[in-house]
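Now for the letters of each chain:
2 protein chains.
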Amino acid sequence: MRLLEEKIISDGKVVSENVLKVDSFLNHQVDPALMFEIGKEFAARFAGDGITKIVTIESSGIAPAVMAGLQMNVPVIFARKRKSLTLVDDLLTASVHSFTKKETNEISISKKYLNENDRVLIIDDFLANGQAAVALVELVHQADAEVAGIGIVIEKSFQPGGKQLRNLGYRVESLARIDSLLNGTVSFINEKSEELI
Amino acid sequence: MRLLEEKIISDGKVVSENVLKVDSFLNHQVDPALMFEIGKEFAARFAGDGITKIVTIESSGIAPAVMAGLQMNVPVIFARKRKSLTLVDDLLTASVHSFTKKETNEISISKKYLNENDRVLIIDDFLANGQAAVALVELVHQADAEVAGIGIVIEKSFQPGGKQLRNLGYRVESLARIDSLLNGTVSFINEKSEELI
Numbered sequence: 001m002r003l004l005e006e007k008i009i010s011d012g013k014v015v016s017e018n019v020l021k022v023d024s025f026l027n028h029q030v031d032p033a034l035m036f037e038i039g040k041e042f043a044a045r046f047a048g049d050g051i052t053k054i055v056t057i058e059s060s061g062i063a064p065a066v067m068a069g070l071q072m073n074v075p076v077i078f079a080r081k082r083k084s085l086t087l088v089d090d091l092l093t094a095s096v097h098s099f100t101k102k103e104t105n106e107i108s109i110s111k112k113y114l115n116e117n118d119r120v121l122i123i124d125d126f127l128a129n130g131q132a133a134v135a136l137v138e139l140v141h142q143a144d145a146e147v148a149g150i151g152i153v154i155e156k157s158f159q160p161g162g163k164q165l166r167n168l169g170y171r172v173e174s175l176a177r178i179d180s181l182l183n184g185t186v187s188f189i190n191e192k193s194e195e196l197i
Numbered sequence: 001m002r003l004l005e006e007k008i009i010s011d012g013k014v015v016s017e018n019v020l021k022v023d024s025f026l027n028h029q030v031d032p033a034l035m036f037e038i039g040k041e042f043a044a045r046f047a048g049d050g051i052t053k054i055v056t057i058e059s060s061g062i063a064p065a066v067m068a069g070l071q072m073n074v075p076v077i078f079a080r081k082r083k084s085l086t087l088v089d090d091l092l093t094a095s096v097h098s099f100t101k102k103e104t105n106e107i108s109i110s111k112k113y114l115n116e117n118d119r120v121l122i123i124d125d126f127l128a129n130g131q132a133a134v135a136l137v138e139l140v141h142q143a144d145a146e147v148a149g150i151g152i153v154i155e156k157s158f159q160p161g162g163k164q165l166r167n168l169g170y171r172v173e174s175l176a177r178i179d180s181l182l183n184g185t186v187s188f189i190n191e192k193s194e195e196l197i
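Residue numbers (our numbering), protein chains in the order written: chain A, 1 to 197; chain B, 1 to 197.
Please keep in mind that the hints were generated in silico from the structure rather than gathered at the bench. Using N, Cα and C, we set each Cβ at its ideal position, and we do this for glycine too. Keep in mind that the hints are not guaranteed to be accurate.
Stated by the list, open to error - The list that follows gives simulated cross-link-like pairs (lysine-lysine, BS3-like), each with its CA atoms no further than 25 Å apart:
#1 B:Lys111 with B:Lys163
#2 B:Lys111 with B:Lys81
#3 A:Lys101 with B:Lys21
#4 A:Lys81 with B:Lys163
#5 B:Lys7 with A:Lys13
#6 A:Lys81 with B:Lys40
#7 B:Lys101 with B:Lys21
#8 A:Lys101 with B:Lys40
#9 A:Lys81 with A:Lys112
#10 B:Lys21 with A:Lys13
#11 A:Lys40 with B:Lys13
What the hints assert, rightly or not - Derived list of chain B stretches under chain A, where covered just means 3 residues or more per stretch with a C-beta under 8 Å from a C-beta of chain A:
#12 31–40
#13 75–81
#14 179–187
Claimed, not checked - Take a look, some chain A residues computed to stay more than 10 Å from chain B by CB distance:
#15 Glu6
#16 Glu17
#17 Pro32
#18 Arg119
#19 Gly149
#20 Gln164
#21 Phe188
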């Protein structure tokens, strides 16, 4: 998605060979107009796939997921990283380890919002090692619902998550796929050239 | 806001005299079309007030805040409840106690996204004791920015937060104001009758 790639180039900051900081428009300060376009793009890529629900994880997944839900006219559920006292019964739960934050969280979704008739689009802001996405897939399966696809805003393709999920048979649509962050520079995978390989 | 009040009546659950559960459309499962209308309503109420930024707090404030930002064409910043390893330097911080979750969190915003030229609209999903809103006000003041107003999706007017903030001189616009949850029933404040008092 060219608009997103341009935003990453202009406003993203390469912190190290593994870390791209996009907290000026995606995961701390949020650009609502860009999120709206991201929602449109997800809706276009998964049009006609019979999606009934979007599932994401707090907090950075919420903005792109809600914009996609607006376009696709389906509810959005965000998995919570901790139990709250008003949301304790009948939870689906899975563990997710964050390499960035160096911690393991239990994430959960209330059982009543997913069932065996749902075709779920999983959306998240980043895909790197795939820990969060795999945990969300697990929650969807616990509800006997179907994973129709996984929509990612930024995939760091040099880390293993995307490949693993595709090898497991899941359709992963990443709006920007980063090939490398070497030498302080963001290089994207050119989708067209990749298709020729 | 009638649409919101109708949704609270039809889909909200009165758990106790103090707790209204709206996790079917606001703070776990999210209704994107309703959030869009909520964003429009906030934009209408604060039109012409020179808002330059919206500030909210993860996670439940994000959806309404981003929809308001879309309508008002301004960036949205969500305060984080914990420091992440990629967001450590130059933080504005404040403490917020959650009576619901029975815990105190430090919330933070990166200094670089707020400055003395900003007129800030604070948005959150709930206003009860006002702890979160007061902490967000504190963050805005730390940046020498101005609080132009506070936009709340659901105010529990029988708890003290709204009154305290208004007494401090802040303009608080709540889209639904709940007078009472007694006997398992949601009663709203009738804005017109209140104005006559």
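Here is what the structure says about each hint:
1. B:Lys111 with B:Lys163: Not satisfied, since the Cα-Cα distance of roughly 29 Å exceeds 25 Å.
2. B:Lys111 with B:Lys81: holds, 15 Å
3. A:Lys101 with B:Lys21: With a Cα-Cα distance of about 30 Å, the restraint between A:Lys101 and B:Lys21 is violated, given a limit of 25 Å.
4. A:Lys81 with B:Lys163: violated, 32 Å
5. B:Lys7 with A:Lys13: Roughly 42 Å separates the two Cα atoms, so the pair is violated.
6. A:Lys81 with B:Lys40: Not OK: A:Lys81 and B:Lys40 at ~30 Å, beyond 25 Å, violated.
7. B:Lys101 with B:Lys21: holds, 14 Å
8. A:Lys101 with B:Lys40: With Cα atoms ~35 Å apart, A:Lys101 and B:Lys40 exceed 25 Å; violated.
9. A:Lys81 with A:Lys112: It holds: about 18 Å lies between the C-alpha atoms, which stays within 25 Å.
10. B:Lys21 with A:Lys13: Since the Cα atoms of B:Lys21 and A:Lys13 sit roughly 40 Å apart, the hinted pair is violated (cutoff 25 Å).
11. A:Lys40 with B:Lys13: violated, 33 Å
12. 31–40: holds (count 5)
13. 75–81: holds (count 5)
14. 179–187: n = 0 at 8 Å, threshold three: violated.
15. Glu6: For A:Glu6, whose nearest Cβ neighbour in chain B is about 17 Å away, the distance exceeds 10 Å, so it holds.
16. Glu17: holds, 14 Å
17. Pro32: violated, 4 Å
18. Arg119: holds, 16 Å
19. Gly149: Nearest chain B Cβ is 18 Å from A:Gly149, so the label holds.
20. Gln164: Check passes; 23 Å lies beyond 10 Å.
21. Phe188: holds, 21 Å
Of the numbered hints given earlier, the model fails hints 1, 3, 4, 5, 6, 8, 10, 11, 14 and 17; all others are met.
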